[in-house]
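K.L.:
For reference, the chains in residue letters:
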Amino acid sequence: MFKKILVANRGEIAVRIIRACKELDVKTVAVYSEADVDSMHVHLADEAICIGPGPSSESYLKISRIISAAEIANVDAIHPGYGFLSEKAEFADVCEQCKIKFIGPSSKVISTMGDKNSARATAKAAGVPITPGSDGIITTEEEALKWARKIGYPVIIKATAGGGGRGMRPVLNEATLISSFQAASLEALKCFGDGSMYMEKLVDKPHHIEFQIVADSHGNVVHLGERDCSMQRRNQKIIEECPSPKVTDALRKKMGDAAVRLCKKIGYENCGTIEFLVDNNRKDFYFMEMNTRIQVEHPITEEVYGCDLIKEQIRIAAGLPLSEHVVSAKARGHSIECRINAEDPSRNFAPSPGKINLWYTSGGRGVRVDTHVYSGYEVPPYYDSMIAKLIVTGATREIAISRMRRALGEFTVEGIKTTIPLQSKILTTGDFQGGNYDITWVENFLRQEGMKA
Amino acid sequence: MDKRKSPAKKAAAPKSAPKSSAAASSSNFDLAHIREIVGLMAENDLTLFHFEKQGSKLELRRGSDFEAAKELLKHLPAAQAAPVALAAAPAPVAAPTPAAAAPVQAAAPPAASGPTINSPMVGTFYRATAPGEKPFANIGDTVDDNSTVCIIEAMKVMNEIKPEGVRGTIVRVLAEDGKPVQYGQPLFELKA
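Heads up: the sequence lines are chains P and F, in that order. Under our numbering, the residue at position 121 of the first sequence is numbered 121, and the numbers go up by one with no gaps. Under our numbering, the residue at position 151 of the second sequence is numbered 151, and the numbers go up by one with no gaps.
Treat the hints with care, as some may be off.
[Stated by the list, open to error] Calculated pairs, SDA-like style, for lysine to any residue (alpha carbon to alpha carbon, straight line, at most 25 angstroms):
id, chain 1, residue 1, chain 2, residue 2
1, P, Lys283, P, Asp431
2, P, Lys355, P, Tyr374
3, P, Lys3, F, Gly178
4, P, Lys101, F, Ala154
5, P, Lys254, P, Lys265
6, F, Lys162, P, Gly54
7, P, Lys190, P, Ile63
8, P, Lys88, F, Ala154
9, F, Lys156, P, Cys98
10, F, Lys162, P, Ile63
11, F, Lys179, P, Gln97
12, P, Lys205, P, Arg149
13, F, Lys156, P, Asp76
14, P, Lys201, P, Glu443
15, P, Lys124, P, Asn281
16, P, Lys88, F, Val157
17, P, Lys101, F, Val157
18, P, Lys3, F, Lys179
No lab work stands behind these hints, which were simulated from the structure alone. A quick note: this is a predicted structure, and the numbers were derived from the prediction, not measured.
Take these sequences, add in the hints, and give me the full structure.
P.N.:
Set out below in structure tokens:
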């Protein structure tokens with residue numbers, strides 16, 4: 001087992017990783033920006049090193065400073081969390097060269113699956129269904145037009161270097177194809193430094209269903225079921241649940257087997273998630289992308305399958321085989337997560353940074369809160385707006401829903417605005433209670449409520 | 001335990017600062033003993049401790065110049081890698097932990113009153129190109145944007161550091177030679 005791990009992240013996930021390390025008796029090193037000097041992850045870690053000013057590009061994304069910190073603190077391994085450098089093959093490569101264990105898959109695997117286009121090709125080769133789409137990068141407008149006609153409208157144009165829901169444009173008909181193609185490519189170039197685009201069929205009213213994979217360095221690969229993440233606003237998830245109310249046992253078996261098959265083919269190691277789109281008919285499923293890291297919503301899988309995925313990540317990276325309880329894990333109960341964001345839903349979800357005067361989280365049976373926030377904490381303006389994850393588990397989906405409504409009701413945040421009122425509202429709708437929502441649901445709901453989607 | 005340093009904040013001044021100076025004429029006293037005595041003096045509110053035995057002498061005064069104490073303690077045999085400043089002030093850092101590896105950041109020096117040259121990177125601070133060589137910058141030197149003031153080693157690369165946007169005369173060296181520094185950590189204090 002490692003003696004010391006550097007946590008290359010911030011916020012709630014850094015706290016999460018430090019907690020797992022403490023339970024494994026591993027020392028922790030936090031890195032922080034000047035804006036995060038009072039952050040919880042800094043207080044909890046055994047050592048802390050400042051790596052730059054507030055903006056991420058000057059701190060949490062600075063590979064050289066993070067590696068320097070790892071060297072002067074003499075760490076054995078680095079946990080990248082999610083976002084930031086967690087899917088940067090270059091970072092994993094530098095760690096490998098510096099003989100610091102990167103807690104995740106190899107840089108080669110990150111590279112293969114990180115390129116959305118090559119990931120699709122890899123999935124296809126592993127016999128995993130993919131959405132009909134272009135056979136690679138589309139370089140000209142003529143090509144785009146040709147492919148769109150071949151695939152059939154509606155289509156979606158996506159950036160191959162994109163991720164996290166960015167760099168994509170749906171196109172409903174030929175009239176808007178060329179302009180969408182140009183706009184998407186320009187946006188991708190600006191956001192990811194790479195304007196290469198590919199095209200896929202736009203699946204009708206799809207459900208976003210993802211599978212959790214855990215694989216060790218001894219060839220053992222298991223999946224821990226699915227998470228339904230269809231509740232999204234502008235491709236950002238706001239509520240997730242495990243298991244999905246839409247996935248039958250038969251479908252789960254097919255999708256789970258496909259996920260494991262793909263991971264075995266690429267020699268995947270550590271935790272990862274395969275994202276699928278499932279058609280409204282609940283039979284056809286298509287590979288969308290793979291996230292070669294731990295996901296934000298991993299806690300709902302932990303609650304239902306009875307495991308600690310972060311500890312498992314560390315154990316796998318240290319060369320240990322999968323834990324017995326992970327290999328034999330069975331789903332039990334139902335878990336829902338609400339991502340609490342510092343945003344004002346009534347003002348078009350404008351970010352709401354600032355000082356939190358009062359912070360009271362819910363508690364009680366089946367309530368888990370993953371957060372870095374405390375009373376008096378100042379939410380900085382530089383980073384994403386998620387301030388807490390409220391995870392609620394119950395024996396059945398009905399119990400979990402009623403418990404989540406209870407927990408959201410208690411959750412008190414004063415000083416800034418949050419998405420709690422929105423999520424509370426969503427939980428009361430008949431659609432949510434019946435499990436009848438796809439990835440277009442939230443935006444329709446917001447429009448109905450007279451809010452900007 | 002407040003173990004992290006904030007480059008943006010001033011180091012908190014110790015509230016009732018029992019400072020002490022030490023004069024030792026031989027190497028019979030090791031740092032651990034001296035620290036113990038200093039602790040006892042503070043506990044019992046003593047201002048002077050004088051010990052002589054077989055030609056060895058140790059004198060500790062409480063309430064005098066902190067900086068002089070630091071300088072003197074530097075000349076004692078450095079058996080341990082303990083941060084020097086802990087011997088005197090009850091700094092914001094807690095009582096010294098007997099860990100084999102010291103915490104990465106040095107104990108906070110007293111707050112600089114003038115402008116400072118801060119570290120633009122994470123790494124190991126060196127005052128000269130090699131041990132025994134002349135330091136790039138000394139107290140009394142006047143430096144500007146073109147002066148190399150030190151080296152910070154990061155990932156096996158020796159980076160020559162120049163002051164960014166500040167210039168002036170060096171009055172204090174704030175970082176320790178050969179010790180790790182973090183982003184924003186004050187390295188040199190310039191004349192106010």
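K.L.:
Each of the hints needs a verdict: does it hold here or not?
P.N.:
Hint check:
1. With a CA separation close to 20 angstroms, the supplied pair Lys283(P) and Asp431(P) stays within the 25 angstroms bound.
2. Under the criterion of a C-alpha separation no larger than 25 angstroms, the hint pairing Lys355(P) with Tyr374(P) is consistent with the structure, at around 10 angstroms.
3. A distance of roughly 24 angstroms separates the Cα atoms of Lys3(P) and Gly178(F); the hinted pair therefore holds under the 25 angstroms criterion.
4. Note on Lys101(P) and Ala154(F): the hinted pairing holds, with a Cα-Cα distance of about 19 angstroms set against a maximum of 25 angstroms.
5. For a cut-off of 25 angstroms, the pair hint linking Lys254(P) to Lys265(P) stands: about 17 angstroms separates their Cα positions.
6. A threshold of 25 angstroms between alpha carbons decides the hint, and for Lys162(F) with Gly54(P) the separation of about 22 angstroms falls inside it, so the pair holds.
7. At most 25 angstroms may separate the alpha-carbon atoms for a hinted pair to count; Lys190(P) and Ile63(P) meet this at roughly 21 angstroms.
8. Of the supplied pair hints, the one linking Lys88(P) and Ala154(F) holds, its CA atoms being roughly 21 angstroms apart against a limit of 25 angstroms.
9. The straight-line distance between the Cα atoms of Lys156(F) and Cys98(P) is roughly 10 angstroms, inside the 25 angstroms bound, and the hint therefore holds.
10. Straight-line distance between C-alpha atoms of Lys162(F) and Ile63(P) comes to about 22 angstroms, which keeps the hinted pair within the 25 angstroms bound.
11. A C-alpha spacing of about 24 angstroms is found between Lys179(F) and Gln97(P), which places the hinted pair at or below 25 angstroms, so the restraint holds.
12. Taken as a hint, the Lys205(P) and Arg149(P) pair is honoured in the structure, with Cα atoms around 21 angstroms apart against an allowance of 25 angstroms.
13. This hinted pair checks out: Lys156(F) and Asp76(P) have alpha carbons roughly 17 angstroms apart, not beyond 25 angstroms.
14. For the proposed pair Lys201(P) and Glu443(P), the alpha carbon gap of about 21 angstroms is at most 25 angstroms, so the pair holds.
15. Using a Cα cut-off of 25 angstroms, the hinted pair Lys124(P) and Asn281(P) holds, with the two alpha carbons roughly 22 angstroms apart.
16. The suggested pairing of Lys88(P) with Val157(F) holds, with an alpha-carbon distance near 23 angstroms, which does not exceed 25 angstroms.
17. Annotation: proposed proximity of Lys101(P) to Val157(F) holds, straight-line Cα distance about 21 angstroms (limit 25 angstroms).
18. The straight-line distance between the Cα atoms of Lys3(P) and Lys179(F) is roughly 21 angstroms, inside the 25 angstroms bound, and the hint therefore holds.
Going down the numbered hints, you'll see the structure goes against none, and every one checks out.
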